[in-house]
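Please model the complete structure; the sequences and the hints are all you need to start from.
Protein chains in written order, with the UniProt record's numbering: chain A, 1 to 242; chain B, 1 to 242; chain C, 1 to 242; chain D, 1 to 242; chain E, 1 to 242; chain F, 1 to 242.
Hints listed in this document are in silico derivations from the structure and should not be mistaken for laboratory results.
Wrong hints could be hidden among the right ones.
Pairs involving identical chains hold if they fit within one copy or between any two copies, as the list cannot separate such chains.
[To be verified] Below 25 Å or equal to it, Euclidean Cα-Cα: the simulated SDA-like pairs (lysine to any residue) are:
#1 Lys-143 to Thr-70
#2 Lys-80 to Thr-70
#3 Lys-80 to Arg-46
#4 Lys-143 to Leu-51
#5 Lys-80 to Glu-44
#6 Lys-80 to Asn-45
Number of protein chains: 6
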Amino acid sequence: MRPSGRLPSEMRTITIDTSFSHHAEGCALIRVGGTEVLCTASIENRVPPFLRGQGTGWVTAEYGMLPRATHSRGSREAAKGKQSGRTQEIQRLIGRSLRAVTDLKALGEMSITLDCDVLNADGGTRCASITGAWVALRLALGKLVASGALPHLPLLGQVAAVSCGLTETGAVLDLDYAEDSTAAADTNFVLTADRRIVEIQGTAEETPFTEDAFNELFTLARIGVSTLFDAQTAAVTRAENG
Amino acid sequence: MRPSGRLPSEMRTITIDTSFSHHAEGCALIRVGGTEVLCTASIENRVPPFLRGQGTGWVTAEYGMLPRATHSRGSREAAKGKQSGRTQEIQRLIGRSLRAVTDLKALGEMSITLDCDVLNADGGTRCASITGAWVALRLALGKLVASGALPHLPLLGQVAAVSCGLTETGAVLDLDYAEDSTAAADTNFVLTADRRIVEIQGTAEETPFTEDAFNELFTLARIGVSTLFDAQTAAVTRAENG
Amino acid sequence: MRPSGRLPSEMRTITIDTSFSHHAEGCALIRVGGTEVLCTASIENRVPPFLRGQGTGWVTAEYGMLPRATHSRGSREAAKGKQSGRTQEIQRLIGRSLRAVTDLKALGEMSITLDCDVLNADGGTRCASITGAWVALRLALGKLVASGALPHLPLLGQVAAVSCGLTETGAVLDLDYAEDSTAAADTNFVLTADRRIVEIQGTAEETPFTEDAFNELFTLARIGVSTLFDAQTAAVTRAENG
Amino acid sequence: MRPSGRLPSEMRTITIDTSFSHHAEGCALIRVGGTEVLCTASIENRVPPFLRGQGTGWVTAEYGMLPRATHSRGSREAAKGKQSGRTQEIQRLIGRSLRAVTDLKALGEMSITLDCDVLNADGGTRCASITGAWVALRLALGKLVASGALPHLPLLGQVAAVSCGLTETGAVLDLDYAEDSTAAADTNFVLTADRRIVEIQGTAEETPFTEDAFNELFTLARIGVSTLFDAQTAAVTRAENG
Amino acid sequence: MRPSGRLPSEMRTITIDTSFSHHAEGCALIRVGGTEVLCTASIENRVPPFLRGQGTGWVTAEYGMLPRATHSRGSREAAKGKQSGRTQEIQRLIGRSLRAVTDLKALGEMSITLDCDVLNADGGTRCASITGAWVALRLALGKLVASGALPHLPLLGQVAAVSCGLTETGAVLDLDYAEDSTAAADTNFVLTADRRIVEIQGTAEETPFTEDAFNELFTLARIGVSTLFDAQTAAVTRAENG
Amino acid sequence: MRPSGRLPSEMRTITIDTSFSHHAEGCALIRVGGTEVLCTASIENRVPPFLRGQGTGWVTAEYGMLPRATHSRGSREAAKGKQSGRTQEIQRLIGRSLRAVTDLKALGEMSITLDCDVLNADGGTRCASITGAWVALRLALGKLVASGALPHLPLLGQVAAVSCGLTETGAVLDLDYAEDSTAAADTNFVLTADRRIVEIQGTAEETPFTEDAFNELFTLARIGVSTLFDAQTAAVTRAENG
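The following block contains the structure:
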């Protein structure tokens, strides 16, 4: 029995609110159970130095967690004067995941920064960030098309992410904090709606696991992301037809 | 005529939601017009080194702004590796303001950290932070009393803050961003419910102003904070009797 | 009775030496009792990036304290690798105060940096810095006029600052360290010679105070700055007519 | 045809020298083709604060690259004042990988730090680091057993890592720099000698890939690590039997 | 002919004022021509961690330069967030020089920090710092003896420093800025009153020099420090005999 | 008797391997007894901002030590976020020493960075760095001549460095760690093959020493560098003549 009473292949409740941010070109306040991440997409008409003059765009991400998003207060990275290795690892993952489904050439010399800030944390914040960031990115790109700045959406696909892990009750989908902190292994799957792989990060901090176990986790992930793709699509539709 | 159509002595709409944070001992998501600040109070059973063994407590604050809380994206302080002078000035102000109404002796050897994170900005973020932080602090202290950790609330008063400024339409209450960025002078008043002064910060970046103008601003502030005290009281009542 | 034996409305002895720095375009070594601050004005023929090409100038300030300016040695900010929040707050205040009396348009695309370094501290260092910085700025601008670089002084007024506070002996003018460290409240007034307000910073770290008390402090401040204006004027006259 | 002329399932030449470091408790200078990493294991009789008094040990890793290990000189992280996100991500991966095969309880209150410094880089530096670090760790633990500090090796398994990728010539094993910088996707496999998974990091920076492609890469990785396990075993045997 | 009109073996005018600092246990405001350094000695009743419990004391130094001590304004190290390599090199030199003449065992578990802050710079600031720091140290130690905290002065000798260089007019003593910035080579000699060597730092940035030239510089340095020893002795005598 | 059994005027064994680095334009892996430093020279077609447009080149150096180059592990400077004062002092020394024998005008607008990374440390790392860096620089310049980028070697001389010190057994040449950590005084001599002085850094941390002792050390240094010049010449000849 999982701590939350969920079935092994059961996702937590998902909601996506696209109107929370007053200023961003695209926004998704995504809630996956008790995890809540504010994702905003900000468009700028310039690219980083290493891309200048190449006629190609850029998508990047930054990640943060409010100090009291967690059970006990964590220290504020701005006050400590540096981002932790974990933060940098997560924001690099979000950026790569979104770039993998963006047609940077078609975007042209623009940058889109995806800020993912965790307001409440209960496990799975990096996966919720990727899932929400895709919605924010999609909406920002939609505005560029609507305004005539781009002829069509420079998107190659739809991406979402979910974590699966090996816990005392076996392989389970969508770990919450109680599961995440005691799992023998957990794996984050970043997958596309056309069933391809963007990123897989499997980690056995405590006990190395078998290929069979890995395949079991992969099967659960396929189930989980299909729910996420539906939630993303519904959110975009509501926002644009709203 | 003010950009928002408000009267000179008219506050923006205020709402305070005390249930947003899942983990904090006290919380207030305060909205003052388009400004929205998440204030959380976190209790720790220890005090900073300079207070150890003195039987007295501590109240401190940290302030941050999400990169896209503003019209155009600002850089993330955690990524830049340091807090700006403005951020430090604001968080020092919030901390002093709350300490001025806390009975630190009665609190005993505990620390309360007030995190004020701006989710959406439209002027007056430091004032909204102080006003919301008082609610978060009050609720956290209430829990200490309810749990028997403290015999009574170690609070000396109720504090709220509002900014007033000299704009093209004269002295006005509760500046929004459009007014704040063009005002000849603006003043932040941190006042108590028993009509005393905790902090006054008046600044004439562009044109020094007269004592009469200052008194006019002070009168407006008195009007503004009375609305804020009511909103605070209602929020605490709802939260505790909820 | 004040610790120094002064009357409530009595300033400490003030001297301003304008020849201490060998290289600066303007200089004031200001002594207010046991507080001693070296203020220098440095002119550069460029403005910060956010002002380039706008035909306007800039005035900014930096503040520091020698490690042993105080009773016990403080740590060196350069060695710690960052300026404290207090330092940043003070240097921002000095900059704003001087900009408020400078005609930046008339200055043209030049920057003036006011460095205020405390050599000996006995309370009131930020006020002494502002008062001395005005002299250094005035002398530097005078040289620009003398050399023909500017047709006339781009100055809108004369500014000085003094702190007043509520101590055991009531409201007093020009707090020294013994008073400052025990005052229930203290307020820094940055005022102009034509009786206008540039900045007011009133703080009740310990006990909120009444509006009447505030007005009493303001009256004392008016008395104090008139002495400071005289000292500034005399120093400028001596330096230029030397 | 691969740039190096290798077959798709062909590893580069591997050598492991365990005598390079004069002072470390364990050492492996591992060469995988043109990639050369000095891995040292350093034992300390204390654990990080979060583990104190729990009777358990710790294994951690730090990673660096000499500025001119690469084709063109990179900047020195110590001079820049911070480690890049990439560096932090890699050293966290190395640490997790080695902890997954260490019995931290059996190690007792000791820390082992694995320093992996790249002297020459030609792709696959993180995989070479993990493979070499295991040898350094194994030798350091062997010394603790030999000296009687531990009754037996606190090791749960043997771990090695290899990268596989999708290039113009299809799925290939052990990417060198020429392949790594142009691959559509690459995956790092950290595997144990008993065929279990410690970490999998698959990334499609450019084009999401199919599950079939992933399985093909996994099969190549199995081939690659078997060669690495042999090289590790031979190096340990040589080092301990002289 | 030297730019200043001095003879090759002629020092600049030296004055040492021991009363400038209001709070330090020892103080010397040393002027060597246009170079002016405020040296303070601060006593603390503890030693750095690496010396704790060994019954020995410590002497260390920190060095700084006010931003406008120089012809054109330099940036403030506290604002930049780090001390330059030059600053660190100089403060390490000052610390070593003073430790070499202090009996750290006899000092007992106390630390003395020598802060050397350059108020006006015209070449030779590190030498003036050492010479002034010895006076500040000597006076601070004298107070420890006077108060009975120490039975006798824990000083092994008297140390002073001077720079000599090879300029267009040949070998010269006590370089000022005009000479220092164009000298082919310059050497700092830190010497004791009993004719021994504490430090020699000879540098040929532009042209390597001969051993004969070095000996010529050494001879000049002997002349220079004898003047400095006299100035130090006179300053100490005046300070202690009032 | 020296700890190593060497005669007072006996150098340790010296080897220089010029093929270790795969990518650098010039390289020397220098071993002086148990001290081992990898020196690489990297050429870039640009100069630092302060030299732009002046038709002159630049030579600079960076120094580092692997964390476990020493008996007990030192902390990694990149992880601590800053280079120590010692590191900065050493890399400034290396840079000055090499610039003193380079014709920067003849080099033209190019920069050469000498990276000196200590792989194993047993005393004398800064001297080994200078000696090795000269070989790396010489080989890099040789390639510029061979490729026709320069008409002739822009070198003014050959430079090498050695440390000498006063130990319990008297004045000795080429201190190893055991001697260096207990010497009463030590001096680093950076000398040219034509018997001139580039740098002398003599330090008496513990006991000031006499001029006679200094001359004795100088005589030993002359002996030492002649061996180093031979090793440098042989290494360059082998490298260029294959």
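Hint check:
For a Cα distance limit of 25 Å, the shortest separation of Lys-143 from Thr-70 across copies, 19 Å, qualifies, whereas the shortest one inside one copy, 34 Å, does not. In the homo-oligomer, the alpha carbons of Lys-80 and Thr-70 lie at most 25 Å apart both inside one protomer (17 Å) and across protomers (23 Å), since each shortest distance falls under that limit. In the homo-oligomer, the alpha carbons of Lys-80 and Arg-46 lie at most 25 Å apart only across protomers (19 Å), although the nearest pairing inside one protomer, at 30 Å, exceeds that limit. When the C-alpha separation of Lys-143 and Leu-51 is checked against a cutoff of 25 Å, the pair qualifies only within one copy, where the shortest distance is 23 Å, while the shortest distance between copies is 31 Å.
For the homomeric pair Lys-80 and Glu-44, the shortest alpha-carbon distance between copies (18 Å) is at most 25 Å, but the shortest distance inside one copy (28 Å) is not. Proximity of Lys-80 and Asn-45 under a CA criterion of 25 Å is satisfied inter-copy only: 21 Å between copies versus 31 Å inside one chain copy.
Violated hints are absent here; each numbered hint is respected by the structure.
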